[in-house]
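Visitor: Sequence:
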Amino acid sequence: ADRTAITVTLVANQPLRTPPSKHIRSLQVAAGFNVADNEIVRRCEAGDLVITADIPLAAEVIEKGAVALN
Numbered sequence: 126a127d128r129t130a131i132t133v134t135l136v137a138n139q140p141l142r143t144p145p146s147k148h149i150r151s152l153q154v155a156a157g158f159n160v161a162d163n164e165i166v167r168r169c170e171a172g173d174l175v176i177t178a179d180i181p182l183a184a185e186v187i188e189k190g191a192v193a194l195n
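Per my numbering, the sequence shown starts with residue 126, numbered consecutively.
Simulated from the structure, these hints should not be mistaken for laboratory data.
Possibly wrong hints are sitting among the right ones.
Straight-line C-alpha distance at most 20 Å; calculated EDC-like pairs for lysine to aspartate or glutamate [what the hints assert, rightly or not]: (1) K189 to E170; (2) K147 to D179; (3) K189 to E164; (4) K189 to D179; (5) K189 to D162; (6) K189 to D173; (7) K147 to D127.
Please model the complete structure; the sequences and the hints are all you need to start from.
Guide: Here it is, written out as structure tokens:
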């Protein structure tokens, strides 16, 4: 993120430890089924890159024009 100056947003339902960087953001959402996934879908835009092993989540972000990689 720092080398390319691209903002990375990590979404999880528990606290994440991330290295200090102005380009890395972590977002903690409430616990619950698909809460993090729904937030990722809500925030993603065409051209965004989403890293996930969750096939249904990947399908949803692709529908919005984002790219999904496992």
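Visitor: Each of the hints needs a verdict: does it hold here or not?
Guide: A quick look at each hint next to the structure:
For the proposed pair K189 and E170, the alpha carbon gap of about 6 Å is at most 20 Å, so the pair holds. A threshold of 20 Å between alpha carbons decides the hint, and for K147 with D179 the separation of about 27 Å lies outside it, so the pair is violated. A C-alpha spacing of about 13 Å is found between K189 and E164, which places the hinted pair at or below 20 Å, so the restraint holds. Among the hinted pairs, K189 with D179 is consistent with the structure: their alpha-carbon atoms are about 16 Å apart, no more than 20 Å.
In summary, the hint linking K189 to D162 is supported, as the alpha carbons are separated by about 14 Å, within the 20 Å threshold. Simply put, K189 and D173 have alpha-carbon atoms about 9 Å apart, close enough for the 20 Å limit, and the pair holds. Between K147 and D127 the CA atoms are separated by roughly 8 Å; this keeps the pair inside 20 Å, and the hint holds.
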